[in-house]
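2 protein chains.
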Amino acid sequence: MPNQADLKRSNDAFQSAFTQGGLPMPPARKLAIVTCMDARLHPEKFLGLAIGDAHVIRNAGGRVSDDALRSLVISQRLLGTQEVVVIHHTDCGMETFENQDLVKVIERDLGADAATTVQGRDFLPFKGMEQSVRNDIATVKASPLIPKDIPVYGYVYDVKTGGLIKVD
Amino acid sequence: MPNQADLKRSNDAFQSAFTQGGLPMPPARKLAIVTCMDARLHPEKFLGLAIGDAHVIRNAGGRVSDDALRSLVISQRLLGTQEVVVIHHTDCGMETFENQDLVKVIERDLGADAATTVQGRDFLPFKGMEQSVRNDIATVKASPLIPKDIPVYGYVYDVKTGGLIKVD
Numbered sequence: 001m002p003n004q005a006d007l008k009r010s011n012d013a014f015q016s017a018f019t020q021g022g023l024p025m026p027p028a029r030k031l032a033i034v035t036c037m038d039a040r041l042h043p044e045k046f047l048g049l050a051i052g053d054a055h056v057i058r059n060a061g062g063r064v065s066d067d068a069l070r071s072l073v074i075s076q077r078l079l080g081t082q083e084v085v086v087i088h089h090t091d092c093g094m095e096t097f098e099n100q101d102l103v104k105v106i107e108r109d110l111g112a113d114a115a116t117t118v119q120g121r122d123f124l125p126f127k128g129m130e131q132s133v134r135n136d137i138a139t140v141k142a143s144p145l146i147p148k149d150i151p152v153y154g155y156v157y158d159v160k161t162g163g164l165i166k167v168d
Numbered sequence: 001m002p003n004q005a006d007l008k009r010s011n012d013a014f015q016s017a018f019t020q021g022g023l024p025m026p027p028a029r030k031l032a033i034v035t036c037m038d039a040r041l042h043p044e045k046f047l048g049l050a051i052g053d054a055h056v057i058r059n060a061g062g063r064v065s066d067d068a069l070r071s072l073v074i075s076q077r078l079l080g081t082q083e084v085v086v087i088h089h090t091d092c093g094m095e096t097f098e099n100q101d102l103v104k105v106i107e108r109d110l111g112a113d114a115a116t117t118v119q120g121r122d123f124l125p126f127k128g129m130e131q132s133v134r135n136d137i138a139t140v141k142a143s144p145l146i147p148k149d150i151p152v153y154g155y156v157y158d159v160k161t162g163g164l165i166k167v168d
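Which chain is which? The protein sequence lines are D and F, in order.
Take the first sequence: its letter number 106 is residue 106 in the working numbering, and every next letter is one higher.
Take the second sequence: its letter number 21 is residue 21 in the working numbering, and every next letter is one higher.
Next up, chain D with everything else stripped away, as it sits in the complex:
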């Protein structure tokens, strides 16, 4: 567990300076973000979010998967968020492979049985980050589980500049 001791030390320092212990469960800004797990993205930082401000849903690609929709439904119906922002980014790993490539890597590294369990599975790679943002906005808007009057919009985050580019 190479990182364990260091994470603990950092958390001890964080905890001793922590002053936001009284916040309620519902996000103060009634906002939910869907974005990529990429290590270069610190969404709270690049969006100026304070502790307690917004739900942040992250996965490989920042895709509006079924599981992201599960999270959005809980966010909206039980915790009052009323706005969705989808953020993909430049230099994303999801643009570097197709499903069959990943199945082959799984077979090479983990064996034929592991590869069999993911045959035909969609790992949600994409080509073109602006179009993928549009597609995921469309998925949110088309879901019967999302109210029609919820604003849904998106950006591409540029990992070289730290800037957000609006996707129209």
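Note that these hints are calculated values from the structure, not bench results.
Hints are not guaranteed to be accurate.
Put simply, identical chains are the same to the list, so a pair is met inside one copy or across any two.
[Unchecked claim] List time: in silico DMTMM-like cross-link candidates among lysine to aspartate or glutamate, alpha-carbon distance up to 20 Å:
| # | residue 1 | residue 2 |
| --- | --- | --- |
| 1 | K141 | D109 |
| 2 | K8 | D158 |
| 3 | K45 | E95 |
| 4 | K166 | D6 |
| 5 | K166 | E83 |
| 6 | K30 | D109 |
| 7 | K148 | D113 |
| 8 | K8 | E130 |
Fit chain F to the given chain D structure using the hints.
For chain F alone, coordinates are given in the frame of chain D:
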């Protein structure tokens, strides 16, 4: 879009001070975190992660859903992470409902057709955050898609104190 102008303003300020534009795609600390979307959790802050350090996967509950496994496989096989940390937290919304409660809220707010689409769906609520961490660690370890020598461990984050409590 109540938050749009403010997010843009915050990002403009972030971008003008941004200096980490040259980082590679693979996480520097070869680490992947799975945690909850909760607005009170800023995992990079409470773990002391720098930009580029770790993949952060977040959903309602911080559950190791099929989609979280999809993200972990991409993180490990394509981007070289070799350690998984699962973090749930105190005062989690996932402990406040059962599946049928949420279906009823969906029916009340969005109509009978919407509720029909989620009949029998597991929204992954839980009772007991330490046990849910143990269950999700077990899910990672049992997956044929995760190498047996990858360290997987977990914590509960206390939203009142900012501290991490190790789950054994």
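For each hint, the structure was consulted:
no.	hint	result
1	K141 x D109	between (38 Å within a copy, 16 Å between copies)
2	K8 x D158	between (31 Å within a copy, 14 Å between copies)
3	K45 x E95	neither (24 Å within a copy, 28 Å between copies)
4	K166 x D6	between (37 Å within a copy, 14 Å between copies)
5	K166 x E83	within (16 Å within a copy, 34 Å between copies)
6	K30 x D109	between (43 Å within a copy, 17 Å between copies)
7	K148 x D113	between (43 Å within a copy, 14 Å between copies)
8	K8 x E130	between (38 Å within a copy, 18 Å between copies)
Hint violations for this structure: number 3 only, all remaining hints satisfied.
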